[in-house]
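K.L.:
Listed below, chain by chain, are the residues.
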Amino acid sequence: MSLTRTPAAAEAAAVAVAPQREAGRMRRMVRGEAAFGYLLMAPVIIYLALLLLYPLLLSVWFSLTDASTGQPFGSWVGLKNFTDVWSNETFRLALRNSFIFTFGSEIGKAILGTVLAFLLLRRFRGKKVLRALLVLPWTVPVALTTLGWLLLFDPTFSMLNRTTSAIGFPYHPNWLGEPVPAMIAIMMANIWRGFPFSAIILLAGLTSVPPEILESAALDGCGFLRRFHYIIVPMIAPILFIGLLFDLVFSFTDLSVVYLLTRGGPENTTHILPELAYQNGIQGGDLAQGAAISLFMLPVFVVACVIMLRILRRREI
Amino acid sequence: MASKAFEVSAPARAQERSPWLTRARKESIVTWVGLAFFLIIALFPIVIMLVTSFKQAGDLISVQTPPLWFHKWPTFAHYTYLFKQTKFLTWAWNTIVISFFTVVITLILAVPAAYALARLHFPNAENFGIGIFLTYLVPPALLFLPLTIILSRYVNLIDTKWALVVVYPTFTTPFCVWLLMGFFKTIPIEVEEAARVDGCSRLQAILRVVLPLSIPGLLTVAIFAFTLGMQEYIYALTFISNSLEKPVTIGVTSDLIRGDEYFWGELMAGALLAGIPVAILYNFFLDHFVEGISQGAIK
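As you go down the protein sequences, you meet chains A and B in turn. Sequential numbering of the first sequence, starting at 1, is according to this note's numbering. Sequential numbering of the second sequence, starting at 1001, is according to this note's numbering.
For the record, the hints were derived by calculation from the structure and aren't laboratory data. The C-beta atom is built at its ideal place from N, Cα and C for all residues, glycine as well. Incorrect hints may have been included.
A few chain B residues that don't get close to chain A, going by computed Cβ distances all over 10 Å [said to hold, decoys possible]: (1) Trp1032; (2) Trp1073; (3) Thr1090; (4) Asp1198; (5) Leu1213; (6) Asn1242.
Straight-line C-alpha distance at most 30 Å; calculated BS3-like pairs for lysine-lysine [claimed, not checked]: (7) B:Lys1026 - A:Lys128; (8) B:Lys1185 - A:Lys128; (9) A:Lys127 - B:Lys1026; (10) B:Lys1087 - B:Lys1072; (11) B:Lys1072 - B:Lys1084.
Computed from the model, here is a short list of chain A residues facing chain B with C-beta under 8 Å [to be verified]: (12) Met41; (13) Pro55; (14) Leu56; (15) Asn88; (16) Leu116; (17) Val129; (18) Ala143; (19) Ala166; (20) Pro170; (21) Ile231; (22) Val233; (23) Thr253.
All chains, full assembly: derive it from the sequences and hints.
P.N.:
So this is what it looks like as structure tokens:
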């Protein structure tokens, strides 16, 4: 056995040790970084778990008991609330109305929003001021502008009817007093509120398409429709989709327009799910049934989440 | 509508005859006709609100005269009534307090999380980011019932503005994390590394270098959270019934409507006074909001 090591061997040993030591240091650093990361994430995760996840689970629990606002921790009744609600005429109408209200509004917003977006794409003077005015329906709180619609529809003053008859429009119903006009009325107010947002989102998508690509496609003999179909649509689809999903979920679950305009009337014909859940759960005090009604909105939310997840995952590839 | 179609097509037919009507002129006419159409739609209810808020009671009631203009002298009576006889100023102050503390809590929660997601490598970071983005989709309509019970049984905050301060960050924080993440990513990592080489700890580097550089981003997020706080309706409607604790959206919409009695002039005055500042703030934020959404779509 030799006690003396050649310099070459010592050097070799040192070289072998160095990366090991380096790797250890790196591992410690990575572990430290991970710990720091979790530490920074902790407040938001704890907060959201307490005030978002826990209430969601609590809501499921309420819907399976006979809870009321006076006695929130009632006893287990299984699916009784859901079957009760399902067999209720008013609820079924509200479920149907929710879909009509949401999709009807979405179609209206899409049409007005698309036209407005293409208009805003053009060059003209005073664009900033005009845009600020055009987005007012979206930027003023919806609860407050809905008061304006309440006045427009009010049968005593019938301001909308007087204005439309002045320009020769023939349809003058008692807007909030009859079932079908009342549905149209809440959708009108909702479309008015939302179309600027659709326009702005679409505009963001359109301006994100580099003009050079469109120009070179045009030079290659691509007509407007083909450019639209093969370049514009695929490039802006993700933005549009995310905007549409946000809008769908918020439209479907917003009660302010309906609550302020009709409160579900006349004769319970214009209820929508969130507003019915509020009326039963808070004003009627039937927490269990309110929770059951609101949980019928969950599937829509889950579907929206799944689609959103797919979009978010795809962008990484 | 009919007249609009006419205006567009008539000059188009005249095009061959008149050199005045160039292609550019024609396009600009189409643009302005379209814009006028949308301006009328967007502003009609708001102008009605504005006119009504200045109308004398007798003028409002007379159904024979067109609603869009004054037939008696405008009056400030509704505004003075609003300030002197109602709790409007209290409600406005409540809204400011609620929104301010919402911003504070939002920043405390969102800044560290956004930094971690933008800069640090740790397992599941990506999933946390997406998870937080998705929580922005959780609608208040699913949460207001259980939150009412939590706020009244677990902590005794129900019927006070602090109930809203506690709850509002649930919908402001997720989007703010997402936006701030984008801001932090635009700060070159070299700046931070240079600070660390100079002897700063990671935390010091964040506090002294990263945060000062992201002040525009922090301001944007603060404005956003503030605006959302000022707009909120469902939670305020559910949690607050004490008139002195109401934010302005609920104060105006519930306290100025008593049964079948509508104080239209005061209602419209209150709605505009409360709504226009929000609109101005929101307008500043609009581009960033769109950026935040498209950031989710294209990285």
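K.L.:
Now tell me, hint by hint, if it's right for this structure.
P.N.:
Evaluated hints:
1. Trp1032: Violated, because the least Cβ-Cβ distance between B:Trp1032 and chain A comes to about 7 Å, which does not exceed 10 Å.
2. Trp1073: Given that every Cβ of chain A is farther than 10 Å from that of B:Trp1073, nearest at about 20 Å, it holds.
3. Thr1090: holds, 17 Å
4. Asp1198: Per Cβ check, B:Asp1198 is outside 10 Å of chain A; nearest 19 Å; holds.
5. Leu1213: holds, 18 Å
6. Asn1242: Per Cβ check, B:Asn1242 is outside 10 Å of chain A; nearest 15 Å; holds.
7. B:Lys1026 - A:Lys128: Status holds; Cα separation ~22 Å.
8. B:Lys1185 - A:Lys128: holds, 29 Å
9. A:Lys127 - B:Lys1026: holds, 19 Å
10. B:Lys1087 - B:Lys1072: Roughly 28 Å between the alpha carbons, so the hint for B:Lys1087 and B:Lys1072 holds.
11. B:Lys1072 - B:Lys1084: Distance of about 24 Å is within 30 Å: holds.
12. Met41: Where the cut-off is 8 Å and the nearest Cβ of chain B is about 5 Å from A:Met41, the hint holds.
13. Pro55: holds, 4 Å
14. Leu56: This interface hint holds because 6 Å falls under the 8 Å limit.
15. Asn88: violated, 18 Å
16. Leu116: holds, 5 Å
17. Val129: violated, 10 Å
18. Ala143: With Cβ-Cβ at 4 Å, under 8 Å, it holds.
19. Ala166: holds, 7 Å
20. Pro170: Status violated, d = 13 Å.
21. Ile231: Hint violated; A:Ile231 Cβ to chain B Cβ min 15 Å, cut 8 Å.
22. Val233: violated, 14 Å
23. Thr253: Holds, because the Cβ-Cβ distance from A:Thr253 to chain B comes to roughly 3 Å (cut-off 8 Å).
In summary, the structure is inconsistent with hints 1, 15, 17, 20, 21 and 22 from the numbered list given earlier, while agreeing with the others.
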